[in-house]
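Undergrad: If you want the building blocks of each chain, they are given just below.
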Amino acid sequence: MADYILELRHISKFFPGVQALKDVHFQLKPAEIHAIMGENGAGKSTLIKIITGVYQPDEGELLFNGQPIHFKSPLDAQRRGIAAVYQHVACFPDLSVLENIFLGHESFDSVTHKIHWRELRKQAESLLQSLDADFSPSATMGSLSIAQQQIVEIAKALSVDAKILIMDEPTAPLSRRECEDLYRITENLRDKGVSIIFISHRIEDMYRLAERVTVLRDGRYIATWDVPGLEQARLVQGMVGREITQYFPSRHATIGEEIFRVEGLSRIGFFKDISFSVRRGEIVALTGLVGAGRTEICESIYGISPRNGGRFFLEGKEIAIHTPAEALAHGIGYLPEDRMKQGLVLDWDLIKNITLASLKNFSRNGFMQPSQEKEIALRLTDNLKVKTTHIYAKASTLSGGNQQKLIVAKLLTSKLKLIILDEPTKGVDVGAKTEIYRIMNQLAEEGYGIIMISSEMPEVMGMSDRIVVIREGRKSTEFETPQATQEAILEASMTAHGRELHAIAG
Amino acid sequence: MQLQVKMNADGSSGGGGNGRPQSSEHQSSSLFSSLVKRLTRNSEAFRELGLLIFIVLLAAIFQIRNPKFLSVANIKDLLANTAILSILAVGMMMVIITRGIDLSIGSTMALSGMVTSLTVSANPDISPFLSLAQGMAIGLAAGLVIGVLVAYFKILPIIATLGLMNILRGLTYLISKGKWVSAYQMSAGFKNLSTGTTFGINNLILFVIGIYILYTYFINQTRTGRYIYAVGSSPETAELIGIKRKRIILLVYALMGLLAGLAGVLWVSKFASAQGDTAVGYEMNVIAATVLGGVSVAGGRGKVSGILLGSILFGILANALPLINISPFWQQFIQGLVILAAIISNVLLQRRNDRLTLKKRVI
Amino acid sequence: MEKTSIDINKPRGLHQYQWEIFLIVLFLAVNVVNSFLSPYYLTLDTFVSTPMNFLDKAFLVLPMTMIIILGNIDVSVGSIVALSSVLMAVSYNAGLPMPLAMVLALVVGTTCGFINGFLQIKFKELSATIITLSTMTVFRGIAYVILEDRSAGKFPSWFSFLAWGYIGKIPFILIVFALTAIVFAVLLHRTRFGRMVYAVGSNRTACEYSGIRTDRIILGVSMLAGLMAGFTALFLTSRMGSTRPNVALNYELDAIAMTVLGGISTNGGKGRITGPLISIFLIGFLNYGLGLRNVSAQVLLIILGFLLILSVLVQNFTDRPASISPKKLSAPTHRSDAGDGSDIHENSAQGG
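Protein sequence lines, in the order shown, are assigned to chains A, B and C. According to this note's numbering, the first sequence is numbered sequentially starting from 1. According to this note's numbering, the second sequence is numbered sequentially starting from 1. According to this note's numbering, the third sequence is numbered sequentially starting from 1.
Among the clues, some could well be false.
Derived lysine-lysine pairs resembling DSBU-like cross-links, with alpha carbons at most 30 Å apart [as the list claims (entries may be wrong)]:
| hint | chain 1 | residue 1 | chain 2 | residue 2 |
| --- | --- | --- | --- | --- |
| 1 | B | Lys244 | A | Lys72 |
| 2 | A | Lys341 | B | Lys359 |
| 3 | B | Lys68 | A | Lys72 |
| 4 | A | Lys122 | A | Lys72 |
| 5 | B | Lys191 | A | Lys341 |
| 6 | C | Lys124 | B | Lys359 |
Because the hints were derived from the structure by calculation, they are not lab data. Model, not experiment: these values are computed from the prediction.
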């Protein structure tokens, strides 16, 4: 018997242009709960995908029960007893719990192909009972809460006799009490001999559950610690303790009077009571964990998703925004997170993409004016240094950074006062990042107010004047950037204050 | 009319009271959620109960307006008329569960009916069962073509079946050279398929009973049957757990074709006449009955009992309108409204459910 | 500051008109065959007056092109034609002056189109297919309720001018169609409205983020389709002299088939109106030639069905959806990996 049921040695994984994992180690003991912690983009998900067979590592080796092993596919990993439960459950909402547990590996009569319902039902009942489930196997999956669906997923994992269970941010969509239930289930599983890899953004989850924790940062292995006795400060230090080496262009914008303010913005099920303001020439970073509700907040400001309450003030006057068209008319522009789906018409040339948001300015009596379109497109692509061989090239031929510049160009065709940038440097290479930072500074100097949603700590620290931290749909805290530290931001993003502190103690 | 539609949930035993100590905050939310659950749990049964009550009410009204309605002769007539519709609803249910649609079945019926009746008129001695097999083979072939186009060539179901609808209809005219096959050209055995009785029960009714027993078993008990639901409920998850999605799609269109072929033979045998325009537009009756019976156009949901009730309701409407002096020409209009009402109420209920789910999230 | 040299000339070349050229070659081939069948075929008169037989339904192809570019399908247009035609005839027979009855037909058509569009934007969860499938039944159902199995007609004699009249040597309907086609071509290819139609068909989400009121575009195109169905009703009724609830049966198929054959992809966002315009004449003259050979009209049904499926097949093989290639370009970076499925939106999607 090996000491470790699963061991990863010197694992590296490259994607074109990026190294997602570099020399990462991970050791899972039998029947332990092992947490993996790290910031957004630390490499946790990539690591999970390697363990579950979605990706193959480019370097390093996997040992399963001490034996080197190579998973060809997710199905292959499953057959060896590795199962995963994700935050967003992949299920058949219209089918019963029983079917969701067994479909795909159900036992059936070889002649009639009738599923052995009675037998499976018995198994399902005992599985659900062992998980303390309060619903029957015949309940419809879609009628269950997310917590209950996760229990079904766990039951599914157990039904194939999983040795290793990976739980990827299972607590994020759960309420406090549901979390407690999940903790208990997880501990029961461990007591029955299942090894559990627990990934969570919540520090309290880790303290409550895990025996050991492995910390990753920027795709690198930092350390593995025993959780009891681990100081939170040391953990946070491990997650963010980097020197900011990246170069950020120096900033010269003069900050003026308030240009935009939001008060008490709420949307049922997404966020509540969000207030902050932006001044002329100021860059406000909206940060927090992925899924905290930052994008949803900005989409409500931009009018593309609804809100249940809240007021907007532009230059001191209250304004109403219900549609993106109204937002644009008031001078609020939005660079969406998913540039391929939300930002560009990939099949179109640069010119048509640039003028898409302000067609009125380039048409006379309803007729398009192609020469005007071309003129502004040439001016803006030159101004923003969009690198392309051809102004009629399709947007899909551009690199990520240049596509992003293209969307900025599109925004600049409207008369804007406030620009919201949602993860502006997501998925672009280092050179292009610097370019985009330069453009952001340029815009700030020209007097635009800027809200930047960013998950990247150095970017937040290096590019903003003020930092608003969102945690689970609420404003956690606000910093003047010079006063902020990486550790303080991370703690504000991850740790509950006040009412939930007891969970850490427990 | 009762169109309670949200199909979630049969017997979730859950609800709020699971016997654990709860804080007062959670008590109120679980009370609320148990209410929601009770509503959603019952809505499917509720919908079917509603349909049943509506059918009874309708029958009562018709009976008052015209005492002939509930006569034995008329009920027999009604059931015989509903039979073919309900057989086709079986196939359409599978197609719609996988998020598809089939507009070609009226034409498939015409072609199958025409070819088999021509064969019978040329060879009067042929066994009626051979005719059935012939019709089903034709339908199966048509269904396979559609299935391949939809599953493997990624043509939208509406386009593929619209195209086939015309090809098959054109073929029917070509084969018949524009002529009809009339009653005197058909053998007694052939006409007996639909009009005769066995053990005192109309053959058509026996066909329906047989098909529904087989189908209920297939769709509810066998793994392939459940895979059909799985593919419609979430195509991505289905592929993830190793279900061969394309094969399932091919299968449902093939089965739809098979049933349409069978229905074509029964139709021609029942009316003792095969024409180029046999069953023109009949696909809409079938779609209406299916959707009314609670099969969701969003896929994944639908029950055998639902389509049976939906078919009966349509059978009654078609049968009874002339009896109470409402022109049968209202039928198509009513049909359209019913489809519209059914799909829209589905959407509204789904939206309400989503809203309730969101409210449950604690921020 | 580095100077990047950008090519600013618009790419030109015949290769982007491949499909149209193919259609024209087909059109010529059809005419060559036709001229062998009838010695009197190759006269100017044939080419000018033959279109009178098929141009009524051609009006449906123009908005259908927009609908398919939007990425939708509308199967209710034939029913709208029937309803407009029936209401026009009935109201005229009830004493409404003919010109007003004709206006009524157009208003009815546009209203039906509005209903289609309204349902589509209010119930986005439902596909345009299923919505128009039900309104198709409703609209024709109303026509049946009004006229049952009777026919209506006895129009004033001047009404037949619409379909049968000439201005100079050119049929009136050809002139009206040519003008309408020009309007649609300009609308689609030169105006802001047309640009937005392509934009919505290519990427509706990006349009919404760009502040385009996509609902208005969908509503507008639906109403245009209704209006054109009204036009078809006018010319069709004039050509036949009377009307019944079952007129214009399967016209939606003809319109969809001609549009798709014209190179408009059912994936949306692509194609020019020139293709469908050519295919209108291609199919029309093909039909005429089949008539010369005494081939039944039913064969055309088969040919149309085949053409519809074949042209979609060809498109599916040649026109890969745009989203495939760029996905390969974008590296899954270490930054984005934590973002997988992070949108809370997806929680609400589990209802299916």
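Undergrad: Confirm or reject each hint.
TA: Each hint tested on the structure:
no.	hint	verdict
1	Lys244(B) / Lys72(A)	holds, 20 Å
2	Lys341(A) / Lys359(B)	holds, 28 Å
3	Lys68(B) / Lys72(A)	violated, 71 Å
4	Lys122(A) / Lys72(A)	violated, 33 Å
5	Lys191(B) / Lys341(A)	violated, 59 Å
6	Lys124(C) / Lys359(B)	holds, 22 Å
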